[in-house]
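Start from the sequences, fold in the hints, and give me the full structure.
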Amino acid sequence: MDFNEKRIPIIKIRDYLIVSIQVDMHDRLALQLQTQILEEIYRTGSKGVLIDISTLEMVDSFIGRVLSGMASMAAIMDAAVVIVGMQPAVAITLVELGLEMPGVDTALNMELGMEMLEKRLNKA
Amino acid sequence: MLEIVSDKSWELLEKCPILNEYDIVKARQIVREFAKKEGMGIVDQTRITTAVSELFRNMFSYASGGEVLIEKGIIEEKPTLIITCIDKGPGIDNIELAMTDGYTSGGGMGYGLPGAKRLVDRFEISSELNKGTTVRVMKWK
Ligand SMILES: Nc1ncnc2c1ncn2[C@@H]1O[C@H](COP(=O)(O)OP(=O)(O)OP(=O)(O)O)[C@@H](O)[C@H]1O
Ligand SMILES: [Mg+2]
Numbered sequence: 001m002d003f004n005e006k007r008i009p010i011i012k013i014r015d016y017l018i019v020s021i022q023v024d025m026h027d028r029l030a031l032q033l034q035t036q037i038l039e040e041i042y043r044t045g046s047k048g049v050l051i052d053i054s055t056l057e058m059v060d061s062f063i064g065r066v067l068s069g070m071a072s073m074a075a076i077m078d079a080a081v082v083i084v085g086m087q088p089a090v091a092i093t094l095v096e097l098g099l100e101m102p103g104v105d106t107a108l109n110m111e112l113g114m115e116m117l118e119k120r121l122n123k124a
Numbered sequence: 001m002l003e004i005v006s007d008k009s010w011e012l013l014e015k016c017p018i019l020n021e022y023d024i025v026k027a028r029q030i031v032r033e034f035a036k037k038e039g040m041g042i043v044d045q046t047r048i049t050t051a052v053s054e055l056f057r058n059m060f061s062y063a064s065g066g067e068v069l070i071e072k073g074i075i076e077e078k079p080t081l082i083i084t085c086i087d088k089g090p091g092i093d094n095i096e097l098a099m100t101d102g103y104t105s106g107g108g109m110g111y112g113l114p115g116a117k118r119l120v121d122r123f124e125i126s127s128e129l130n131k132g133t134t135v136r137v138m139k140w141k
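Protein sequences appear in the order of chains A and B.
According to the working numbering, the first sequence is numbered sequentially starting from 1.
According to the working numbering, the second sequence is numbered sequentially starting from 1.
These are computed hints drawn from the structure, not numbers from a lab.
Since the structure is predicted, the reported quantities are computational estimates derived from the model, not experimental observations.
Please note that a few of the clues may not be correct.
[As the list claims (entries may be wrong)] Under the rule of at most 20 Å between Cα atoms (straight-line distance), these lysine to any residue pairs were calculated in the SDA-like manner:
(1) B:117 - A:96
(2) B:26 - A:7
(3) B:26 - A:8
(4) B:36 - A:55
(5) B:78 - B:26
(6) B:141 - A:96
(7) B:141 - A:8
(8) B:72 - B:128
(9) B:117 - A:98
(10) B:72 - B:19
(11) B:26 - A:30
[Stated by the list, open to error] Pairwise CB distance ranges (calculated):
(12) B:4 - A:43: 47 to 53 Å
(13) A:120 - B:79: 44 to 50 Å
(14) A:23 - B:42: 39 to 45 Å
(15) A:73 - B:64: 26 to 32 Å
(16) A:28 - B:88: 33 to 39 Å
(17) B:39 - A:31: 34 to 40 Å
(18) A:88 - B:122: 23 to 29 Å
(19) A:88 - B:64: 34 to 40 Å
(20) A:28 - B:33: 19 to 25 Å
(21) B:104 - A:43: 29 to 35 Å
(22) B:100 - A:103: 20 to 26 Å
(23) A:35 - B:33: 27 to 33 Å
(24) B:95 - A:95: 20 to 26 Å
Every residue, glycine too, gets a C-beta built ideally from N, C-alpha and C.
Spelled out as structure tokens, the structure:
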């Protein structure tokens, strides 16, 4: 198993930041990603963040908390976060666990997530 | 009271220490592999993996770590994965309270224990102040 401390890459496309989480994150890596995304929002002035979790095989209360924390912090910085591609098994498990992720918008795939962000930005 | 006894007919598949954050990830991946091997579907694999992740993190956060036994046995005539988390931490004063949705003594959300219980078929917890805590979860196919 590989636990290299490589950062999770954040890509900027037009007004958006795109993050694809492709590793089973340990707690510190999840917190680091949170900080990293906020720094990138600040640095680039992006108004929207798409976080692709389609390869994540589980979201427990810690990762759930990091994701919803990220959404509320980004909101304060005037950016919207959309979580994209959550696997059905992960969604079922999150609900059974009792975790509600307040303030977190989700979309089935990147394209729908992007549409969601665009609608929001045009409304504003 | 702290004792949660293993049945002699159970087969020990693996022992994993939980000492740091990497161990949490490693151990939950091992549990998923065994769940897969036992033929559990993807939703059940995710349920048991998430449940144990909560328990492993509790051991790490509140008891500075512990040990995990992964066993397999027959429960109610069904092949079952049995995961036992043993720590020598401070123990839990009020188990009923700790098992309540939303109760946390730290900065958590308080869904770890009650949530884990909902995700598995059997859940046993035993704890003694200043001695430690043992939590066992079972999931069958
Ligand atoms: N292994 C343990 N040793 C000592 N105390 C524990 C242990 N596991 C849980 N507890 C106590 O039980 C409480 C409830 O645990 P639970 O996992 O449900 O919530 P949490 O860890 O506080 O928050 P969350 O898991 O949602 O992040 C904890 O706050 C802690 O006080
Ligand atoms: Mg917990």
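### Query
Taking the beta carbons of residue 4 (chain B) and residue 43 (chain A), is their distance inside 47 to 53 Å?
holds (51 Å)
### Task
Could you tell me whether the CB distance from residue 35 (chain A) to residue 33 (chain B) stays inside 27 to 33 Å?
holds (31 Å)
### Message
Hint check: residue 26 (chain B) vs residue 8 (chain A), CA-CA at most 20 Å. Holds or violated?
### Response
holds (19 Å)
### Query
Holds or violated: are the alpha carbons of residue 72 (chain B) and residue 19 (chain B) at most 20 Å from each other?
violated (24 Å)
### Task
Measure nothing beyond the straight line between the CA atoms of residue 141 (chain B) and residue 8 (chain A); if it is 20 Å or shorter, mark the hint as holding.
Since the Cα atoms of residue 141 (chain B) and residue 8 (chain A) sit roughly 35 Å apart, the hinted pair is violated (cutoff 20 Å).
### Message
With the threshold set at 20 Å, check whether the alpha-carbon distance from residue 26 (chain B) to residue 7 (chain A) stays at or below it.
### Response
holds (19 Å)
### Message
With the threshold set at 20 Å, check whether the alpha-carbon distance from residue 117 (chain B) to residue 96 (chain A) stays at or below it.
### Response
Satisfied, since the Cα-Cα distance of roughly 10 Å is no more than 20 Å.
### Distance restraint between residue 78 (chain B) and residue 26 (chain B), which requires alpha-carbon spacing of 20 Å or less
violated (27 Å)
### Query
Okay, residue 104 (chain B) versus residue 43 (chain A) on CB: inside 29 to 35 Å?
holds (34 Å)
### Message
Just to be careful, I want the Cα atoms of residue 26 (chain B) and residue 30 (chain A) compared with a cutoff of 20 Å; is the pair within it?
### Response
holds (16 Å)
### Message
Given a hint of 20 to 26 Å, does the C-beta separation of residue 95 (chain B) and residue 95 (chain A) actually sit inside it?
### Response
With a Cβ separation near 25 Å, residue 95 (chain B) and residue 95 (chain A) satisfy 20 to 26 Å, so the hint holds.
### Pair hint residue 141 (chain B) and residue 96 (chain A), alpha-carbon separation not exceeding 20 Å
holds (18 Å)
Going through the hint list in order, the structure does not satisfy hints 5, 7, 8, 10, 14, 16.
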